[in-house]
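*Asks:* Sequence:
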Amino acid sequence: MKRIAMLMALALAGVGASGAAGAETKVPGSDLEVKLSYAPVVKAVVPSVVNIYAKRVVESRASPFANDPFFREFFGDLRARPRLQNSLGSGVILGDGLVVSNFHVVGNATDIRVVLADKREYDAELVLGDAQTDLAVLRMRDAPDLPALGFADSDAVEVGDLVLAVGNPFGVGQTVSSGIISARARTGQVAGRKGYFIQTDAPINPGNSGGALVDMAGRLVGINSAIVTRSGGSNGIGFAIPGNLVRQYVRQAEAGAEALERPWAGVTVQPIDGPLAEALGLDRPQGVLISALHPASPFAAAGLTVGDVVTAIGGHPVDGGPEMLFRLMTMGVGGTTEVGYLHDFEPETSEVALITAPEDPPREPITVTSQSVLRGLSVANLNPALISEMGLGFEAKGVVVVGVDGEARRARLRKGDILRAVNGEAIERSTDLSRITRARPRVLEITFERGGQRGVLRLRNR
Numbered sequence: 001m002k003r004i005a006m007l008m009a010l011a012l013a014g015v016g017a018s019g020a021a022g023a024e025t026k027v028p029g030s031d032l033e034v035k036l037s038y039a040p041v042v043k044a045v046v047p048s049v050v051n052i053y054a055k056r057v058v059e060s061r062a063s064p065f066a067n068d069p070f071f072r073e074f075f076g077d078l079r080a081r082p083r084l085q086n087s088l089g090s091g092v093i094l095g096d097g098l099v100v101s102n103f104h105v106v107g108n109a110t111d112i113r114v115v116l117a118d119k120r121e122y123d124a125e126l127v128l129g130d131a132q133t134d135l136a137v138l139r140m141r142d143a144p145d146l147p148a149l150g151f152a153d154s155d156a157v158e159v160g161d162l163v164l165a166v167g168n169p170f171g172v173g174q175t176v177s178s179g180i181i182s183a184r185a186r187t188g189q190v191a192g193r194k195g196y197f198i199q200t201d202a203p204i205n206p207g208n209s210g211g212a213l214v215d216m217a218g219r220l221v222g223i224n225s226a227i228v229t230r231s232g233g234s235n236g237i238g239f240a241i242p243g244n245l246v247r248q249y250v251r252q253a254e255a256g257a258e259a260l261e262r263p264w265a266g267v268t269v270q271p272i273d274g275p276l277a278e279a280l281g282l283d284r285p286q287g288v289l290i291s292a293l294h295p296a297s298p299f300a301a302a303g304l305t306v307g308d309v310v311t312a313i314g315g316h317p318v319d320g321g322p323e324m325l326f327r328l329m330t331m332g333v334g335g336t337t338e339v340g341y342l343h344d345f346e347p348e349t350s351e352v353a354l355i356t357a358p359e360d361p362p363r364e365p366i367t368v369t370s371q372s373v374l375r376g377l378s379v380a381n382l383n384p385a386l387i388s389e390m391g392l393g394f395e396a397k398g399v400v401v402v403g404v405d406g407e408a409r410r411a412r413l414r415k416g417d418i419l420r421a422v423n424g425e426a427i428e429r430s431t432d433l434s435r436i437t438r439a440r441p442r443v444l445e446i447t448f449e450r451g452g453q454r455g456v457l458r459l460r461n462r
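In UniProt numbering, the protein residues as written are 1 to 462.
Since the hints were derived computationally from the structure, they do not count as laboratory data.
Backbone N, C-alpha and C fix where the C-beta goes; we use that ideal spot for every residue, glycine too.
Check before you lean on any hint, since a few could be wrong.
With a straight-line cut-off of 20 Å between C-alpha atoms, the simulated SDA-like cross-links for lysine to any residue are [claimed, not checked]:
1) Lys397 x Leu354
2) Lys43 x Leu146
3) Lys43 x Lys55
4) Lys415 x Ala439
5) Lys415 x Asp405
6) Lys55 x Leu126
7) Lys397 x Ile366
8) Lys397 x Thr369
9) Lys55 x Asp96
10) Lys55 x Arg454
11) Lys55 x Asn244
12) Lys397 x Ala257
13) Lys119 x Val306
14) Lys397 x Leu382
15) Lys415 x Glu389
16) Lys415 x Val176
17) Lys415 x Arg442
18) Lys119 x Gly236
19) Lys397 x Gly424
20) Lys397 x Arg410
21) Lys43 x Val176
22) Lys397 x Asn383
23) Lys397 x Pro347
24) Lys119 x Ser87
25) Lys397 x Gly314
26) Lys55 x Leu162
27) Lys55 x Asn108
28) Lys397 x Leu280
29) Lys415 x Leu386
30) Lys415 x Leu457
31) Lys397 x Arg440
32) Lys415 x Gly340
33) Lys43 x Leu126
34) Lys415 x Arg462
Cβ pair distances, simulated, as ranges [as the list claims (entries may be wrong)]:
35) Gly160 x Gln453: 14 to 22 Å
36) Asn108 x Val172: 34 to 42 Å
37) Gly307 x Gln85: 43 to 51 Å
38) Arg438 x Ala156: 19 to 27 Å
39) Val159 x Arg414: 32 to 40 Å
40) Gly171 x Pro147: 37 to 45 Å
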């Protein structure tokens, strides 16, 4: 009874203090304050979390009978038509007029509106976006000095730590939910996306994307990005992009970068399972095995070879390819980092340069402009930089689709498809495709590669 009475007295004292302080907010000063209420954290965080409304033009799906003369005669043009698509999400103020969100919320948007917690609204523009990391940085137009969230060290959070998720679920308005860190390093394919994530059981729903995951000090732990669900709502399995990666992204945006600069490894790695660990003389599965090295790879320049096992990057253990790339990306370009690895069963360390991928050969992007069924198709020569941007294996070669517009939308080719041949002629440079389409053959038989699988399209020029 004495303990209960003491807790009640402390709670009442807290209420009295809050009333005396008026609108003053502060983060909890003790575990007891956290147990009593999350309100002080919420009051400190909410002004820095915004709602985002975006509009983009998309193509409606074309009818499968669009090319059939019989159906066109009776039903007219059945081709895909542009339509306006609305999307909603959340964002976090992290700098002077800068808001971070998810790329899938604002990517390719023609109109972006940011709404603050106090209902003020500002137009915004995308200043830095990257589909691969699913991060985007917006700049609000004519916005005053607004409160920005500070960063937590996302590498220092522990499973079981209390966190709050703040966002705009289902567009109902700013909402706060609570939970814990469920796992620190979910890598690989998560909720349809590749990457390195922090997992939480704090309820996250559609519309929360781009919102804040914060600790009990009101600092950003991560940007909420994805959920695993069958119902469309929260199942207690949510994922956030770690704050340490977001911090590097914001630094580049503040420096005026127009595209994300990511350190290039130039390696192909494979995870190590139990049998492989035993064959390599490891006491347990750890690290990643280098299975291929690009001739210009900074890892090769540092002395690493095929068959070496990378165990650490910058002092952080590495247990998979996504984690290895994540560690490099949080460091940014410039300088070096220490890489720990096993060579002939012996531990070694080397300083590896943090460089961008080379632009060799030149991309030479072209768009098909001739009267062809491929009119509007944009392609470019593959090189390490473009391969890195598109998330392809570094051994990929040839010509890749970088955009699909106009008539080419009906060809069923996608961004990222690698063209191998047209009408039996190898496509080795972008200019090869331009030359063939200008000749306007009646039929185009296209051999392409998608996701490691080969396919063939047979298209007829009209």
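*Asks:* Between Lys415 and Val176, does the CA-CA distance stay at or below 20 Å?
*Replies:* This hinted pair is violated, its Cα atoms lying about 37 Å apart.
*Asks:* Check the hint pairing Lys397 with Arg440 against an upper bound of 20 Å on the C-alpha distance.
*Replies:* Not OK: Lys397 and Arg440 at ~26 Å, beyond 20 Å, violated.
*Asks:* Does Lys397 pair with Ala257 here, judged by a C-alpha cut-off of 20 Å?
*Replies:* violated, 27 Å
*Asks:* Between Lys55 and Arg454, does the CA-CA distance stay at or below 20 Å?
*Replies:* Distance of about 35 Å is beyond 20 Å: violated.
*Asks:* Quickly compare the C-alpha distance for Lys119 and Ser87 to 20 Å and report which way the hint goes.
*Replies:* Answer holds: Lys119 to Ser87 is near 18 Å, not above 20 Å.
*Asks:* Would you say the C-beta atoms of Asn108 and Val172 sit inside 34 to 42 Å of each other?
*Replies:* violated, 25 Å
*Asks:* Do the alpha carbons of Lys43 and Lys55 lie within 20 Å of each other, as the hint requires?
*Replies:* With a Cα-Cα distance of about 30 Å, the restraint between Lys43 and Lys55 is violated, given a limit of 20 Å.
*Asks:* Take a quick look at whether Lys397 and Gly314 sit within 20 Å of each other, Cα to Cα.
*Replies:* violated, 31 Å
*Asks:* Would the hint linking Lys55 and Leu126 be met if the CA-CA limit is 20 Å?
*Replies:* Roughly 13 Å separates the two Cα atoms, so the pair holds.
*Asks:* Could you grab the alpha-carbon distance between Lys397 and Arg410 and see if it respects the 20 Å cut-off?
*Replies:* violated, 25 Å
*Asks:* When you check the alpha-carbon spacing of Lys397 and Ile366, does it fall within 20 Å?
*Replies:* Between Lys397 and Ile366 the Cα gap is close to 17 Å, so the pair holds against 20 Å.
*Asks:* Please work out if Lys55 and Asn244 have their alpha carbons no farther apart than 20 Å.
*Replies:* violated, 29 Å
Checked against the numbered hints above, the structure breaks hints 1, 3, 4, 8, 9, 10, 11, 12, 13, 16, 17, 18, 20, 23, 25, 26, 28, 31, 32, 33, 34, 35, 36, 38 and 40 and satisfies the rest.
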